[in-house]
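Asks: If you read the sequences in order, they're chains R and Y. Everything in the first sequence is counted per this note's numbering, starting at 1 for the first residue and increasing by one. Everything in the second sequence is counted per this note's numbering, starting at 1001 for the first residue and increasing by one.
No lab work stands behind these hints, which were simulated from the structure alone. For every residue, glycine included, the Cβ atom is placed at its ideal position computed from N, Cα and C. Do not rely on the hints blindly, as some may be mistaken.
Some but not every residue of chain R turned toward chain Y, in silico, with C-beta under 10 Å [to be verified]:
no., residue
1, TYR33
2, PHE90
3, GLY109
Residues of chain R placed beyond 10 Å of chain Y at every Cβ, according to the derived structure [what the hints assert, rightly or not]:
no., residue
4, THR7
5, LYS14
6, GLN17
7, SER75
8, LEU78
9, SER80
Listed below, chain by chain, are the residues.
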Amino acid sequence: NAGVTQTPKFQVLKTGQSMTLQCAQDMNHNSMYWYRQDPGMGLRLIYYSASEGTTDKGEVPNGYNVSRLNKREFSLRLESAAPSQTSVYFCASSDGRASTGGTDTQYFGPGTRLTVL
Amino acid sequence: GDSVTQMEGPVTLSEEAFLTINCTYTATGYPSLFWYVQYPGEGLQLLLKATKADDKGSNKGFEATYRKETTSFHLEKGSVQVSDSAVYFCALAYSGAGSYQLTFGKGTKLSVIP
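Let's have the full structure, built from the sequences with the hints guiding it.
Replies: Structure below.
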């Protein structure tokens, strides 16, 4: 049981390049999330997916797109990277669906450290 | 909107000292409250949670009590160890758009010295 896995662990991009961050969970969770962590800012939600087939914007969605490929996988894409997107990116999952009485605890992956030059 | 405020760090303590990290929140309704811990180079791990007023969450010697009257969820440990050095995040969960969302505080970095 690996929990939440993320690839890659580290990435360096040049301004304008694109890339996709991958996330997978093996806990059969309904909901998945992408956050970014910046010094002194805590974690901020980029996008989330309440269930397979749905995605919604979080607090800081500009410059990002997401795909919920199936129940297990949720990817984050940077179409044209900018230095302001230098950050540590975390994926998380939970079985929390308020409508079905799921729990609200989120489980996090190890993170991807992205630098945009 | 909902928000979480926690004491700014960094906090430096000697081994076996008493730890308190303050956390207060603003929310409509009665959200669940969490403490997450992030060890160097790792992702966040759930440390403890409380789901209703007066509940006490506890784990690994850490405790926090959900205080509705003061809208607080302070983290405490009686005797810290070097291995407790990490960043601690207070968070609350609210229900929205079919799934629960978390709002985090900015984190408090704890360093424990031998």
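Asks: Report the numbers of all earlier hints that the structure fails to satisfy, in ascending order.
Replies: The structure conflicts with no hint, since it agrees with every one listed earlier.
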